[in-house]
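Chemist: Below, each chain spelled out in residue letters.
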Amino acid sequence: MGMKTPMINSAAEKIAYNQDLLTQILLRLPTKSLIKFKSVSKLWQFIISDPDFCLSHTRHHHRNGFLSPTALLLKGDRFSPPSEFSIVPLKHYSKVPFFHYIPDSHVKILQSCNGLLLCESYRQSYLICNPTTKKFRRIYCPSNSAYNFISKCFVSFAFDPLTSPDYRIICIWESYREPCKFNLDLYSSKTGSWDLCIVSFEVDEDEQEIELNNGVFCNGRIHWCGYGEESLYFDVEKECLETMPMALPSRMDAPETCRYFSESRGVLYVAVTYCMSVCLEFDVFEMARDYSEWNWKKRVNLGDAVKAFPELELGCIEYYPGFSGVCIIGSEKQEEPMVVVWADGKIISFDFRQGAWKMLYDLGPGIKIGSLYLGEDDHLHYELFHAYQYFENLSCL
Amino acid sequence: MGSTSTKIKLRTSDQKVFEVEKAVAVQSQTIKYIYENGCPDSVIHVHSVSGDILSKILDYCKKHVNSAAGKEDISPEELYEWDANFVKVDQNTLFDLILAANCLKIESLLDLTCQTVANMIKGKRPEEIRTTFNIKNDYTIEAEEAVRRENKWAFDMLGGVGTMVIEELADDTMSKCVTNAKSRVCVIAANQIVMMRSISKLANKKSIDVYKQPQNPTTPRIKESVKQINVGTGFIELFFHFKCKM
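Just so you know, the protein sequences line up as chains A and B, in that order. Each step along the first sequence adds one to the number in my numbering, with nothing skipped, and position 141 is 355. Each step along the second sequence adds one to the number in my numbering, with nothing skipped, and position 233 is 238.
Just so you know, not all the hints are guaranteed correct.
[As the list claims (entries may be wrong)] Quick list of in silico lysine to any residue cross-link-like pairs, SDA-like style, CA-CA up to 20 Å:
#1 A/K256 to B/I126
#2 B/K61 to A/A225
#3 A/K404 to A/E451
#4 B/K127 to A/R242
#5 B/K27 to B/T11
#6 B/K110 to A/N427
#7 A/K256 to B/A151
#8 B/K127 to B/I140
#9 A/K256 to B/K157
#10 A/K582 to A/P524
#11 A/K348 to B/V152
#12 A/K395 to A/N427
#13 B/K129 to A/L241
#14 A/K305 to A/S545
#15 A/K322 to A/S335
#16 A/K348 to B/E150
#17 B/K61 to B/V94
Quick caveat, the hints were computed from the structure, so don't treat them as lab data.
The whole structure should be built from the sequences, with the hints applied where relevant.
Modeler: Right, dumping it as structure tokens:
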């Protein structure tokens with residue numbers, strides 16, 4: 215543009231002018247640093263926002279074929295942070311931008327998958343967003359219209375940047391006109407379009423009790439937890455629905471309260487809590503690699519946590535235990551996962567290999583995570599917490 | 006006439022000549038290509054690399070060739086340590102190494118040096134990056150402000166409502182933190198809660214105590230003292246001397 219080429223003297227300058235070399239350095243930087251460095255110059259912003267770079271960067275930062283989460287986002291059935299996420303940091307401390315960049319007033323997280331979040335907003339619109347880059351895309355489910363007399367609609371999504379930059383959204387719906395018959399629509403971000411009713415299936419809800427509102431994606435499949443004999447999973451590549459066993463070997467002489475369904479590094483886990491007057495134990499089951507059966511992994515006892523952290527008040531209140539939000543995530547340094555539990559306002563974790571409880575996140579004496587949003591008459595023990603994994607990442611939508 | 010004793014001659018930009026074993030020299034894909042496609046007895050010119058840098062690079066190549074061939078009894082951990090020490094050089098040398106590793110196409114060295122530079126710059130502010138690489142800021146004032154505002158969360162000094170965040174404090178440094186928190190101040194350093202106070206209580210004090218809460222609750226809390234507090238309208242500034250002992 216008519217400018218004199220500047221004399222490039224130092225090696226540093228030569229590197230900065232060599233886009234290939236600069237990219238090599240940028241690829242190795244953590245996501246948070248890259249977000250900061252968008253302000254360095256327009257060229258840096260251009261490189262850091264380029265979809266090919268973003269994909270390469272995400273793929274550069276995996277650990278043994280899996281991405282590792284930066285933090286957990288906490289949400290309760292009743293407690294929903296109005297303006298800020300309730301974060302449990304797993305690596306460094308990081309703020310997670312809330313949904314202020316989305317013009318909708320109430321955005322509810324439905325699922326988290328390898329860096330992207332699926333959220334629900336008003337008027338049956340769904341959002342795929344990446345909180346790190348503050349980008350989002352609005353999706354409508356075409357079947358979810360007044361003409362279809364939809365009685366139920368469940369949305370899940372599949373995203374694995376290590377395999378493909380594209381994501382798929384699954385909409386499962388039931389119409390009043392044909393109860394117990396469910397239809398599955400599939401959206402591809404590559405084509406930007408829906409394939410409608412690619413699968414239809416019948417489920418006797420009373421028998422199977424499948425939680426279609428809580429999809430867990432791993433191994434190229436979206437899985438749903440059930441409380442009956444069998445449940446379902448959808449193979450995204452083959453575009454077909456399969457069944458998987460859901461019967462758990464019975465380990466406790468008490469009815470189940472809740473099944474917390476999660477995955478870590480390609481293995482499905484379910485943590486089961488029980489309804490008892492005093493119950494500080496829960497069981498963790500692991501799905502066999504060939505999906506043939508669930509195997510009991512461990513009876514986790516929170517009584518040991520109370521010994522380690524005497525200030526925790528985990529006693530039940532009216533059969534509600536003082537813990538919830540059980541989530542199983544991969545631990546940084548080893549193959550064995552760890553169990554993360556919200557316990558009386560603190561976040562504690564149980565390390566399977568060492569068999570020990572650790573304090574994962576504590577906001578200070580007397581301060582209980584989750585208490586800020588409860589009313590005066592509510593007790594934290596009544597709340598059921600969910601944890602969503604958050605990955606700082608540059609994935610483009 | 007074993008090929009293991011074949012030597013290759015290399016001439017650098019400052020006219021220094023190095024004679025190296027072929028196995029070491031062909032760690033560089035560039036040299037390998039020139040050697041295999043040119044006249045094996047002639048001297049290979051490495052125009053853009055100086056003698057000092059080439060000397061270091063040849064040390065690296067020799068170490069890695071010997072360790073791979075089993076000539077040196079060195080474990081992977083020890084080699085990793087050696088690599089870590091290898092890159093403990095001044096910034097200019099590090100950048101020269103990157104340029105040379107790129108030009109000579111030595112992938113493992115390029116990976117090592119780029120990762121080292123990445124680790125070095127990751128905590129810096131954008132202004133410091135511009136200084137390091139002599140980059141001109143081509144944003145307009147408004148554009149730069151917009152980008153910064155959008156990505157404010159990634160800049161650690163200012164947390165959200167109720168939090169001040171300090172990361173990676175060095176020992177014995179004076180630290181300044183500013184917050185516009187509304188009701189509660191929570192200082193977090195290296196993932197540990199350091200202090201929790203409400204602003205209104207802080208306003209009346211001349212100095213406050215900073216407690217570092219250790220992982221193990223039976224260890225006594227470590228107390229530091231805040232040197233100075235300035236309370237402005239809606240914000241406070243804390244100056245404190247923080248000793249980070251883990």
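Chemist: Give a verdict on every hint.
Modeler: Each hint, compared with the structure:
With a C-alpha separation of about 18 Å, the suggested pairing of A/K256 with B/I126 holds against the 20 Å cut-off. Annotation: proposed proximity of B/K61 to A/A225 holds, straight-line Cα distance about 16 Å (limit 20 Å). Of the pairs offered as hints, the one joining A/K404 and A/E451 holds, with about 13 Å between alpha carbons and a cut-off of 20 Å not exceeded. The hinted pair formed by B/K127 and A/R242 meets the criterion: a straight-line CA distance of about 9 Å does not exceed 20 Å.
About 6 Å separates the Cα atoms of B/K27 and B/T11, which keeps this hinted pair within 20 Å; it holds. A threshold of 20 Å between alpha carbons decides the hint, and for B/K110 with A/N427 the separation of about 51 Å lies outside it, so the pair is violated. With a C-alpha separation of about 13 Å, the suggested pairing of A/K256 with B/A151 holds against the 20 Å cut-off. The suggested pairing of B/K127 with B/I140 holds, with an alpha-carbon distance near 16 Å, which does not exceed 20 Å.
Taking the CA atoms of A/K256 and B/K157, the gap is near 17 Å; set against the 20 Å cutoff, the hint holds. For a cut-off of 20 Å, the pair hint linking A/K582 to A/P524 stands: about 15 Å separates their Cα positions. Restraint check: the Cα-Cα separation between A/K348 and B/V152 comes to about 12 Å, which is no more than 20 Å; the hinted pair holds. The straight-line distance between the Cα atoms of A/K395 and A/N427 is roughly 16 Å, inside the 20 Å bound, and the hint therefore holds.
For the hint pairing B/K129 with A/L241, the CA-to-CA distance comes to about 16 Å; that is within 20 Å, so the pair holds. Of the supplied pair hints, the one linking A/K305 and A/S545 holds, its CA atoms being roughly 11 Å apart against a limit of 20 Å. For the hint linking A/K322 to A/S335, the alpha-carbon distance of about 7 Å falls within 20 Å, and the restraint holds. As the CA atoms of A/K348 and B/E150 are separated by approximately 17 Å, the hinted pair is consistent with the 20 Å bound.
Using a Cα cut-off of 20 Å, the hinted pair B/K61 and B/V94 holds, with the two alpha carbons roughly 11 Å apart.
In this structure, the one hint that does not hold is number 6.
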